[in-house]
Amino acid sequence: MTVFKNYFRVLKKHLAIIIIYMVMFLGLIIMFTWNTGSKNDSFFASKVKLMVINEDTQSEFLEAFLDYLEQYAIFVEREEDEEARKNALFFREVEYILTIPEGFGEDFLNQGRMSLSKDTVPDSANAIFLDNAINNYLNIARTYIKHLPQISQEQLIKLVEATIGGQVNVKIENKLPDKISASNTFNKLFFNYLGYIIIACFVNGVSVVMFSFTVLEIRRRHVASPVSARRVGMQLILGNMAYLFCYLIIFIIAGYIMNKNRMLNTGTLLTWLNVLVFSLSCLSFSYLVGITVRSKKAIQAISTAVSLSIAFTSGIFIPQEYLAEPVLKAASFAPGYWYVKANNAIAQIISYDWTQLGKIFGYMGIQLGFAAAIMSIALLAGKRKAQKE
Amino acid sequence: MSLGLYFMRVKCLLRNMEGIFWCYIFPIILSTCLYLGVSKLGAVEEFETIKIAYVVGEAQTELSKEAGTAVSQEQAELSHEVGTAVGHNELLSVMKAAKLSEDKYMFDITLCSSKEAVDLLEKGDIEAYIIGGDRPELFIKENGLNETIVKSFVDSYMQKQITIKNILVSNPEALNNGLIDDLIGQTDFVDISDKHKKPDNIIIYFYAILAYTCIFASNWGLEEVINIEADQSMRGARISASPVSKMRLFACNMLASYTCHIISVILLFLYMKFVLNVKFGDELAYLIAICLAGSLTGLLMGASIGFWIKKKPAIKEAIIIAFSLGCSFLSGMMAVEIKYYVTEKFPLLAYINPVNLITDAMYSLYYFDGHNRYFINLMLLMLMAAVFTVASYFGIRRRNHDSI
Numbered sequence: 001m002t003v004f005k006n007y008f009r010v011l012k013k014h015l016a017i018i019i020i021y022m023v024m025f026l027g028l029i030i031m032f033t034w035n036t037g038s039k040n041d042s043f044f045a046s047k048v049k050l051m052v053i054n055e056d057t058q059s060e061f062l063e064a065f066l067d068y069l070e071q072y073a074i075f076v077e078r079e080e081d082e083e084a085r086k087n088a089l090f091f092r093e094v095e096y097i098l099t100i101p102e103g104f105g106e107d108f109l110n111q112g113r114m115s116l117s118k119d120t121v122p123d124s125a126n127a128i129f130l131d132n133a134i135n136n137y138l139n140i141a142r143t144y145i146k147h148l149p150q151i152s153q154e155q156l157i158k159l160v161e162a163t164i165g166g167q168v169n170v171k172i173e174n175k176l177p178d179k180i181s182a183s184n185t186f187n188k189l190f191f192n193y194l195g196y197i198i199i200a201c202f203v204n205g206v207s208v209v210m211f212s213f214t215v216l217e218i219r220r221r222h223v224a225s226p227v228s229a230r231r232v233g234m235q236l237i238l239g240n241m242a243y244l245f246c247y248l249i250i251f252i253i254a255g256y257i258m259n260k261n262r263m264l265n266t267g268t269l270l271t272w273l274n275v276l277v278f279s280l281s282c283l284s285f286s287y288l289v290g291i292t293v294r295s296k297k298a299i300q301a302i303s304t305a306v307s308l309s310i311a312f313t314s315g316i317f318i319p320q321e322y323l324a325e326p327v328l329k330a331a332s333f334a335p336g337y338w339y340v341k342a343n344n345a346i347a348q349i350i351s352y353d354w355t356q357l358g359k360i361f362g363y364m365g366i367q368l369g370f371a372a373a374i375m376s377i378a379l380l381a382g383k384r385k386a387q388k389e
Numbered sequence: 001m002s003l004g005l006y007f008m009r010v011k012c013l014l015r016n017m018e019g020i021f022w023c024y025i026f027p028i029i030l031s032t033c034l035y036l037g038v039s040k041l042g043a044v045e046e047f048e049t050i051k052i053a054y055v056v057g058e059a060q061t062e063l064s065k066e067a068g069t070a071v072s073q074e075q076a077e078l079s080h081e082v083g084t085a086v087g088h089n090e091l092l093s094v095m096k097a098a099k100l101s102e103d104k105y106m107f108d109i110t111l112c113s114s115k116e117a118v119d120l121l122e123k124g125d126i127e128a129y130i131i132g133g134d135r136p137e138l139f140i141k142e143n144g145l146n147e148t149i150v151k152s153f154v155d156s157y158m159q160k161q162i163t164i165k166n167i168l169v170s171n172p173e174a175l176n177n178g179l180i181d182d183l184i185g186q187t188d189f190v191d192i193s194d195k196h197k198k199p200d201n202i203i204i205y206f207y208a209i210l211a212y213t214c215i216f217a218s219n220w221g222l223e224e225v226i227n228i229e230a231d232q233s234m235r236g237a238r239i240s241a242s243p244v245s246k247m248r249l250f251a252c253n254m255l256a257s258y259t260c261h262i263i264s265v266i267l268l269f270l271y272m273k274f275v276l277n278v279k280f281g282d283e284l285a286y287l288i289a290i291c292l293a294g295s296l297t298g299l300l301m302g303a304s305i306g307f308w309i310k311k312k313p314a315i316k317e318a319i320i321i322a323f324s325l326g327c328s329f330l331s332g333m334m335a336v337e338i339k340y341y342v343t344e345k346f347p348l349l350a351y352i353n354p355v356n357l358i359t360d361a362m363y364s365l366y367y368f369d370g371h372n373r374y375f376i377n378l379m380l381l382m383l384m385a386a387v388f389t390v391a392s393y394f395g396i397r398r399r400n401h402d403s404i
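Sequences listed follow chains G and R, in order.
The numbering of the first sequence is our numbering, which starts it at 1 and goes up by one.
The numbering of the second sequence is our numbering, which starts it at 1 and goes up by one.
Since the hints were derived computationally from the structure, they do not count as laboratory data.
Bear in mind that the values here come from a model prediction, so they are computed numbers and not experimental data.
From the three backbone atoms N, C-alpha and C, an ideal C-beta is built for every residue, glycine too.
Check each hint, because a few of them may be wrong.
Claimed, not checked - Examples of chain R residues lying across from chain G (beta carbon under 7 Å, computed):
#: 1; residue: V154
#: 2; residue: I167
#: 3; residue: Y340
Construct the entire structure; sequences and hints are all you get.
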């Protein structure tokens, strides 16, 4: 097993970069999944970050109005400086700046025409949501003032409060129990990000080792040795598979430990199977790179370029639903797209019937197809290279 | 002779494929990937018509019957009165008519049975479904902004019904005085302020990549030091034995590196502006000035690190990569919020970070009126360049090696 041992000796020299990627990945995953808690059974309203610039004198009506907005907004501390407000809005520290002009409260109660003023991201859903909430309150209050002219400010506040208490009954139809749902969400995030690291680390690890073994002098040395070419090939395959399994086992265990809602169910096992299938296609790609590049420095460049391109376009860094259609179409020519698709489908699966499982296995089948195709090209390229030399 | 040395070095740099990849090609790949990834993200923030289902037919009728038995005679009469006034299935028609703008509806409604609605919700084709009737019910799959918008819309409808009832109890004549019209014709109480430009924060990622590319010149600065220092490389040893003035050769090499690097920065800038359509503001001269200053600062910073840190070249390279990546992280290349957080909580750190100074200068040109902030950033960057020039000068002068 000389070749097998040498495989890991060469790999050891490049371990630093693989470890850096591993640490970076674990750091990233902790950052991105920190808030992945369990879902709530009951409805809770989304809230918008709101900064109120109240230039009016405080009145009971305005107080009641701002209390009402608490249902829909998280109040952000008021910034006095205009530039600081603009900064906060740009970086979404605040999503809605509401200015109540001087005299608005008085004017409103007297059915005047004064308006509030807002600064938001134009046409954003958050802005529209809060606009609706504000208008709803003020329109109800205005209707009471108009049709019940004798009403006092106190009565008005009570009446509006009682009115806005009338709310629709909401039911959440999530058939997956909370814990399973949370566990699936974590697995989806963890394994999707892992896709990027697998590509980067496999190209940096496997390709570098394969490159070392395909240097002309080393190949000549192998030919002159008593070990047959078949045995050398078998030991290299064994080395690659050992690397793949060691790598996956480390991350599968890490993912399992880090998952606060960990559970060993069919979904988790399917995710593990999917990452194994994806690793096979990455392994064949790394093999192809290793035997075709002309310098070790090029491997680092290929690793960075390919891993980043696939990560950005396949849905690893940015969810597939946020990517444009042409980008996704182009990405479907790489296994990363099908890997993420399978992970997303596994996270959403409710019943393990054949329709659902067939879809997931179909995605895995496509990845295996990629692995086979890339490996065929690699073998062909390898043979041609050997013939040329 | 100096010109000859300069052109020779330019030739060398352009033939170094590794350097060319990381400086010319990699930023373009990175910005393209980012563009492909985030091109739709801006639109994600925008309001999209919400797909919902509205259950009609048996379910609604049964529910209406149930609701009917539960309410008192007086309430039923009032409901009937209100119902006649606003029409049956009013919620459905109100939701159908709700518009965000001239050509954008708030809801895309599918009419179906409750079984079909459950299927649609499960598949993710709709975000919620409503079972109409006297007491509408809302079914959602998960909590979210769109779900909250649907809920608040239905709430608002129910609250209007309550308003009508409350007003009619005290003032039955209100129906003849335009009560329904008042509630249907909603007044918009919030005007848009024109004070701010569109706060499109995705551009910060592109600014940070451009700034990172400028500061990446530090690798080239370090390379020049390694090439000239006898204890750092074989070429340095050869140069030390040659009759050419080390200071002059270093100046020529640095100028050649600066030329090659600034071309890469300008190419990236043109690529971002004209191919990816990244918004940079309209002041091209200011933008080019900050790129020139950034690249110069990066180059001199690399040279200073090369001269003053007495370690192996590989360690110096690692220090530079870690430093430039760290600076980029703090200026928002990985997450824009970081830039805001650092500027707010640790302003000093923001002012001594060259990547942040370049990013912030570009951001100020795009987002703010006036150039105060831009010039503060530019001046600080030039000050850094001056400090690194002095450091490099003292690093190279009178440095000889007795034995290597």
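Taking the hints in turn, this is what the structure says about them:
For V154(R), the interface hint holds, since its Cβ comes within 7 Å of a Cβ in chain G; the closest pair sits about 4 Å apart. Restraint check, I167(R) versus chain G: the minimum CB separation of about 5 Å is within 7 Å; hint holds. The closest approach between the C-beta of Y340(R) and any C-beta of chain G is roughly 4 Å, which is under the 7 Å cut-off, so the hint is satisfied.
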